[in-house]
Amino acid sequence: MPFGIYDASVPVLIAGLTNLSKILAKGAAHAEAKGFKPEALLQARLAPDMHPLPNQIQIASDAAKGAAARLAGVDIPSFPDTETTFPELQARIEKTIAFLKGLDPAAFTGAEDREIVLKVGANEWKMPGRQFLTAFALPNFYFHLTTAYALLRHNGVEIGKRDFLGG
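If you use the working numbering, the sequence shown closes out at 182, no skipped numbers anywhere.
Each hint should be verified, as a subset may be incorrect.
Said to hold, decoys possible - In silico lysine-lysine, DSS-like type, Cα no more than 25 Å apart, as pairs:
(1) K49 with K141
(2) K37 with K52
(3) K110 with K41
(4) K49 with K37
Unchecked claim - Distance windows between CB atoms, simulated:
(5) F158 with G125: 24 to 30 Å
(6) H169 with E47: 17 to 23 Å
(7) L180 with K134: 28 to 34 Å
(8) A55 with D22: 35 to 41 Å
(9) F51 with A30: 28 to 34 Å
(10) A137 with T99: 27 to 33 Å
(11) P92 with E130: 17 to 23 Å
(12) P143 with A30: 40 to 46 Å
Rather than coming from a laboratory, the hints here were simulated on the basis of the structure.
Ideal placement from N, C-alpha and C gives every residue a C-beta, glycine not left out.
Make the full structure from the sequences, and use the hints.
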């Protein structure tokens, strides 16, 4: 069976979100073990102009479901960005993974050449699926996964590269 755009996207996105879920669980356990309010981690930022942890999770979720939906040619599910607790963020990750697992791999046939249109503000970008996945979707997804990891690690959560990569 040839390696296709489905293989390069959906399983990769699911693995990243699964590892993110485990990292978040370690963050919640860390707050409990150290006896401080989870909000201290949830509102952490790496820089004043960066989004806090919940937004990083929401954007990673949006990046994953948006990338897969565009490549499969299906509607992108809309999730309101209302999560403010670890359990709510975990539920969002689970919902995103469920959506990804529900996609038909056959819908990705030809997606490498399918024109993907992104609307960002007043701008519109058009590119073939392979370029969308490799130059935009996956880098954007990993940026927000990495930022969530860095926020937790910076705030003392005992996680490392193995947690990020899974295994």
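Going down the list of hints, with the structure as the test:
1. K49 with K141: 48 Å, violated
2. K37 with K52: 19 Å, holds
3. K110 with K41: 20 Å, holds
4. K49 with K37: Status holds; Cα separation ~18 Å.
5. F158 with G125: 24 to 30 Å: 28 Å, holds
6. H169 with E47: 17 to 23 Å: 19 Å, holds
7. L180 with K134: 28 to 34 Å: At 33 Å between Cβs, range holds.
8. A55 with D22: 35 to 41 Å: 40 Å, holds
9. F51 with A30: 28 to 34 Å: Given a distance of about 30 Å, which is inside 28 to 34 Å, the answer is holds.
10. A137 with T99: 27 to 33 Å: Given about 31 Å between the Cβ atoms, the range holds.
11. P92 with E130: 17 to 23 Å: 22 Å, holds
12. P143 with A30: 40 to 46 Å: Check failed, 24 Å falls outside 40 to 46 Å.
The earlier numbered hints that this structure contradicts are 1 and 12.
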